[in-house]
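Protein chains: 2
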Amino acid sequence: MPGSAPTFRPLYSQIKSLIMEGLAGGAWAPGAPIPSEAELARRYKVSQGTVRKAVEELAQEHHLVRRQGRGTFVATHAEERTQFRFLRLCRDDDQPETYPETRLLEWRRARAAGEAARLLNLKPGEGLVVVRRLLVFDGEPAVVDEISLPASIFRRLDAELLNRYRGSLYKLFETEFGTRMIRAEERIRAAAADGATASALGMRRGDPVLRVDRVAFTYADRPVEFRRGMYRTDRRHYRNQLV
Amino acid sequence: MPGSAPTFRPLYSQIKSLIMEGLAGGAWAPGAPIPSEAELARRYKVSQGTVRKAVEELAQEHHLVRRQGRGTFVATHAEERTQFRFLRLCRDDDQPETYPETRLLEWRRARAAGEAARLLNLKPGEGLVVVRRLLVFDGEPAVVDEISLPASIFRRLDAELLNRYRGSLYKLFETEFGTRMIRAEERIRAAAADGATASALGMRRGDPVLRVDRVAFTYADRPVEFRRGMYRTDRRHYRNQLV
DNA sequence: TAGTGGTCTAGACCACCGT
DNA sequence: CGGTGGTCTAGACCACTAA
Chain B
1 MPGSAPTFRP LYSQIKSLIM EGLAGGAWAP GAPIPSEAEL ARRYKVSQGT VRKAVEELAQ
61 EHHLVRRQGR GTFVATHAEE RTQFRFLRLC RDDDQPETYP ETRLLEWRRA RAAGEAARLL
121 NLKPGEGLVV VRRLLVFDGE PAVVDEISLP ASIFRRLDAE LLNRYRGSLY KLFETEFGTR
181 MIRAEERIRA AAADGATASA LGMRRGDPVL RVDRVAFTYA DRPVEFRRGM YRTDRRHYRN
241 QLV
Chain V
244 MPGSAPTFRP LYSQIKSLIM EGLAGGAWAP GAPIPSEAEL ARRYKVSQGT VRKAVEELAQ
304 EHHLVRRQGR GTFVATHAEE RTQFRFLRLC RDDDQPETYP ETRLLEWRRA RAAGEAARLL
364 NLKPGEGLVV VRRLLVFDGE PAVVDEISLP ASIFRRLDAE LLNRYRGSLY KLFETEFGTR
424 MIRAEERIRA AAADGATASA LGMRRGDPVL RVDRVAFTYA DRPVEFRRGM YRTDRRHYRN
484 QLV
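Those protein sequences? They're chains B and V, same order as listed.
For reference, each letter of the first sequence is one residue, going 1 to 243 in the working numbering.
For reference, each letter of the second sequence is one residue, going 244 to 486 in the working numbering.
Hints may be right or wrong, so weigh each one.
[Unchecked claim] In silico lysine-lysine, DSS-like type, Cα no more than 30 Å apart, as pairs: (1) Lys288(V) <-> Lys414(V); (2) Lys296(V) <-> Lys53(B); (3) Lys171(B) <-> Lys53(B); (4) Lys123(B) <-> Lys53(B); (5) Lys366(V) <-> Lys414(V); (6) Lys45(B) <-> Lys288(V); (7) Lys53(B) <-> Lys288(V).
[Stated by the list, open to error] Which bits of chain V does chain B cover? Going by a derived footprint, with three or more residues having C-beta under 8 Å, they are: (8) 293-300; (9) 387-398; (10) 478-484.
If you are wondering where the hints come from, they were derived from the structure by calculation, not from laboratory data.
Cβ coordinates follow ideal geometry from the N, Cα and C atoms, glycine included.
Sequences are here, hints too, so could you generate the full structure?
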């Protein structure tokens with residue numbers, strides 16, 4: 001029977017979608033507990049084992065965090081443990097890295113065009129907020145980021161807010177804009193540093209730098225950030241696990 | 244009670260270790276089926292659900308592959324599906340990538356020293372086999388690899404064997420040397436191409452290239468390969484998923 | 001001590017595969 | 001059709017946390 005539909009969807013997978021809808025719709029805030037497994041089982045009229053399988057997969061995908069004896073919580077970028085999930089730059093010696101200091105280089109409004117428009121699913125001409133910043137690790141400048149965000153969500157993001165905030169941008173996006181980053185895709189290339197990049201990073205124009213283009217997605221796989229990072233890699237490296 | 248041992252180890256986790264020992268010891272060959280869940284449950288005197296949890300985790304870690312209706316199989320690098328698990332270079336346009344052609348540039352014996360010795364846990368002076376090769380994608384040279392391997396395992400690896408073989412090196416290591424790569428760590432930097440690299444890749448000396456240093460591990464987290472890859476990234480990029 | 005997630009079991013039934 | 005993994009249930013008990 002060619003073309004016959006897959007026609008079967010496991011119960012736990014449907015429960016998973018229901019919980020995801022709750023997360024995307026803000027039924028429970030980041031960091032807050034969701035109902036217990038027993039309560040969810042009653043609510044959805046399935047066994048606790050079925051809820052468990054749904055919750056387990058959501059925890060594996062970093063949407064939820066389980067804590068034995070306490071409950072299950074909505075994942076949040078405010079935890080120390082996840083600070084380096086999206087920042088893969090490491091010292092060459094294996095000393096523990098401290099969270100970098102941020103220096104705002106530029107803030108402006110712009111119109112979507114070209115690559116940023118395409119990757120963010122915006123029509124040319126739609127509003128953008130663009131941020132350029134420098135990341136300084138242990139006194140060493142290491143990354144220049146240019147971050148493009150749809151104004152439809154991030155209009156309120158201005159230099160004052162950026163300067164006031166400590167810690168990761170994704171924490172700010174989550175608490176101030178109700179937009180939680182779920183996953184990201186990065187494309188990494190080698191490039192020659194241009195004048196602005198070189199001077200910000202304390203290098204010479206033309207020195208090799210890593211160019212990391214990132215698209216970050218929120219719920220429903222919606223792209224909401226395009227970021228181009230230029231990484232200085234003479235004392236640090238981009239680490240990756242192949243599993 | 245400071246220093247008290249963790250003292251509790253779930254049953255499924257112990258079963259997992261037993262199966263891992265079987266895999267590491269070659270009880271079942273790559274690609275071959277392991278016993279059914281029911282059989283394993285009888286053998287280890289636990290319920291099928293407990294075996295299931297152990298096998299599920301091993302499948303998630305790519306040690307096993309489950310196929311509904313058929314059985315559970317030892318993972319192997321010989322499958323098309325896993326060919327690009329360790330090779331993250333992609334075309335900039337999103338055309339599907341075909342498996343690259345390999346050209347052997349150099350083969351030699353050497354003595355472990357410096358970085359390779361340290362990363363492979365070898366004493367200075369122990370034997371190495373070193374391979375340099377070029378990877379050509381769709382007629383475009385894109386990667387120069389220098390691969391260092393402990394002679395204690397790979398002594399038999401020579402130019403004749405390398406030239407005869409088609410497909411991924413890890414497939415060859417698995418079938419010819421009984422050494423299956425489980426995971427790898429990569430450290431990525433930007434560098435200026437040296438003369439040899441530039442000419443192999445069709446670039447100019449000093450052009451920016453990606454330098455990818457990889458240590459690959461087999462069972463028991465034993466490092467058995469150090470590989471330095473120089474990647475040309477003007478038409479391709481290194482892709483990464485942040486999840 | 002009450003409540004949460006974590007483990008383990010036993011059994012029923014379903015989906016899928018090869019023959 | 002028989003055998004495999006996949007789903008779902010119900011229930012018992014364990015480990016951990018907070019009050």
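Okay, the hints, checked on the actual structure:
The hinted pair formed by lysine 288(V) and lysine 414(V) fails the criterion: a straight-line CA distance of about 35 Å is larger than 30 Å. Distance hint between lysine 296(V) and lysine 53(B) is fulfilled; the C-alpha atoms sit about 11 Å from each other, no more than 30 Å. Restraint check for lysine 171(B) and lysine 53(B): the C-alpha separation of about 28 Å stays at or below 30 Å, so the hint holds. The hinted pair formed by lysine 123(B) and lysine 53(B) fails the criterion: a straight-line CA distance of about 40 Å is larger than 30 Å.
A threshold of 30 Å between alpha carbons decides the hint, and for lysine 366(V) with lysine 414(V) the separation of about 27 Å falls inside it, so the pair holds. Pair hint lysine 45(B) plus lysine 288(V) does not hold up; C-alpha atoms about 33 Å apart against a cutoff of 30 Å. Restraint check for lysine 53(B) and lysine 288(V): the C-alpha separation of about 24 Å stays at or below 30 Å, so the hint holds. Here's how the region 293-300 of chain V fares: 0 of its residues keep a CB closer than 8 Å to some CB of chain B, so the rule of at least three is not met and the hint is violated.
Counting residues of the region 387-398 of chain V whose C-beta sits closer than 8 Å to any C-beta of chain B gives 0, which falls short of three, so the coverage hint is violated. Using a Cβ-Cβ cut-off of 8 Å, 5 residues of the region 478-484 of chain V lie near chain B, which meets the minimum of three, so the contact claim holds.
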